[in-house]
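Novice: Sequence:
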Amino acid sequence: MKMRYFLFVILIISNIICLYLIIDLSSYDGMISYLKNGSEKFTNPRQTAMVFLVTCLANLLFISATLMKSIIFSDSNKRPSMRF
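Read in order, the letters of the sequence shown correspond to residues 2 to 85 in the working numbering.
Hint data in this document are derived by calculation from the structure and do not stem from the laboratory. Hints may be right or wrong, so weigh each one.
Listed next, the in silico SDA-like pairs over lysine to any residue satisfying Cα-Cα at most 25 Å (straight line) [claimed, not checked]:
1. K70 / N60
2. K3 / I73
3. K42 / M32
4. K70 / L58
5. K70 / L20
6. K3 / M69
7. K42 / I24
8. K3 / T67
9. K42 / D30
10. K70 / N16
11. K70 / Y6
12. K3 / I18
13. K42 / N60
14. K70 / I24
15. K37 / T49
16. K42 / L58
17. K70 / L26
18. K70 / F9
19. K3 / S15
20. K3 / I17
21. K70 / I18
22. K3 / F63
23. K37 / L22
24. K42 / I23
25. K70 / G31
26. K70 / D30
27. K42 / I17
28. K42 / L22
29. K42 / L26
30. K42 / A59
31. K3 / S40
32. K70 / I13
33. K70 / L12
34. K3 / L54
Per label pair, the in silico range of CB-to-CB distance [to be verified]:
35. L20 / N45: 16 to 22 Å
36. I13 / K37: 16 to 22 Å
37. L26 / L62: 16 to 22 Å
38. K42 / M4: 44 to 50 Å
39. M69 / T49: 26 to 32 Å
Cβ coordinates follow ideal geometry from the N, Cα and C atoms, glycine included.
Could you build the full structure based on these sequences and the hints that come with them?
Specialist: In C-alpha cells form, the structure reads like this:
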C-alpha cells in the first residue's frame, strides 16, 4: 500500500515539473527549425504548449482524485462487521 502512495507522489511531482516546462515553453515567441535544403522554418509553440497544458492538468486532476480516493476509502478505515 505504501508503494502505491509513493508512486502517486512521484507521478504528481513529475507532472508538476512538466507543468513548469510547458509554461516556460508557452513564453517563447517563436522557434526556428532548419530544413534539409538550408531554409528556415519559423513556428509558434503556443498552440502546442496549450495542448500539453490541458493534457498535463487533466492528468494531475485524475492522479490527485485517485490518490484521495485511495486514502479516504482504504481498508484500514473500514469498521469491523458485527456478524456472529
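Novice: Is the hinted range of 26 to 32 Å satisfied by the C-beta distance from M69 to T49?
Specialist: Holds - the Cβ-Cβ distance for M69 and T49, about 31 Å, lies within 26 to 32 Å.
Novice: Keeping to a limit of 25 Å between CA atoms, is the pair of K42 and M32 held or broken?
Specialist: 8 Å, holds
Novice: Would the pair K42 and A59 pass a check requiring their Cα atoms to be no farther apart than 25 Å?
Specialist: With Cα atoms ~31 Å apart, K42 and A59 exceed 25 Å; violated.
Novice: Given the proposed pairing of K3 with I17, does the C-alpha separation stay at or below 25 Å?
Specialist: Given that 25 Å is the threshold and the Cα spacing comes to 21 Å, the pair holds.
Novice: Straight-line Cα separation of K42 and L22 no greater than 25 Å?
Specialist: Holds: K42 and L22 sit about 23 Å apart, inside 25 Å.
Novice: Given the hint that K3 pairs with M69, test it: the Cα-Cα distance must not exceed 25 Å.
Specialist: 14 Å, holds
Novice: Given the hint that K70 pairs with L26, test it: the Cα-Cα distance must not exceed 25 Å.
Specialist: 33 Å, violated
Novice: Please work out if K70 and N60 have their alpha carbons no farther apart than 25 Å.
Specialist: 15 Å, holds
Novice: Are the Cα atoms of K70 and I18 separated by 25 Å or less?
Specialist: Holds, because 23 Å separates the two Cα atoms, which is no more than 25 Å.
Novice: Need the status of pair K42, L26: alpha-carbon distance at most 25 Å?
Specialist: 18 Å, holds
Novice: Can the restraint linking K42 and D30 be considered satisfied, given a maximum Cα separation of 25 Å?
Specialist: 14 Å, holds
Novice: Please verify whether K3 and I18 have alpha carbons no more than 25 Å apart.
Specialist: The hint holds at about 23 Å.
Hint check: violations occur at hints 13, 14, 16, 17, 23, 25, 26, 27, 30, 31, 34, 36; the rest are consistent with the structure.
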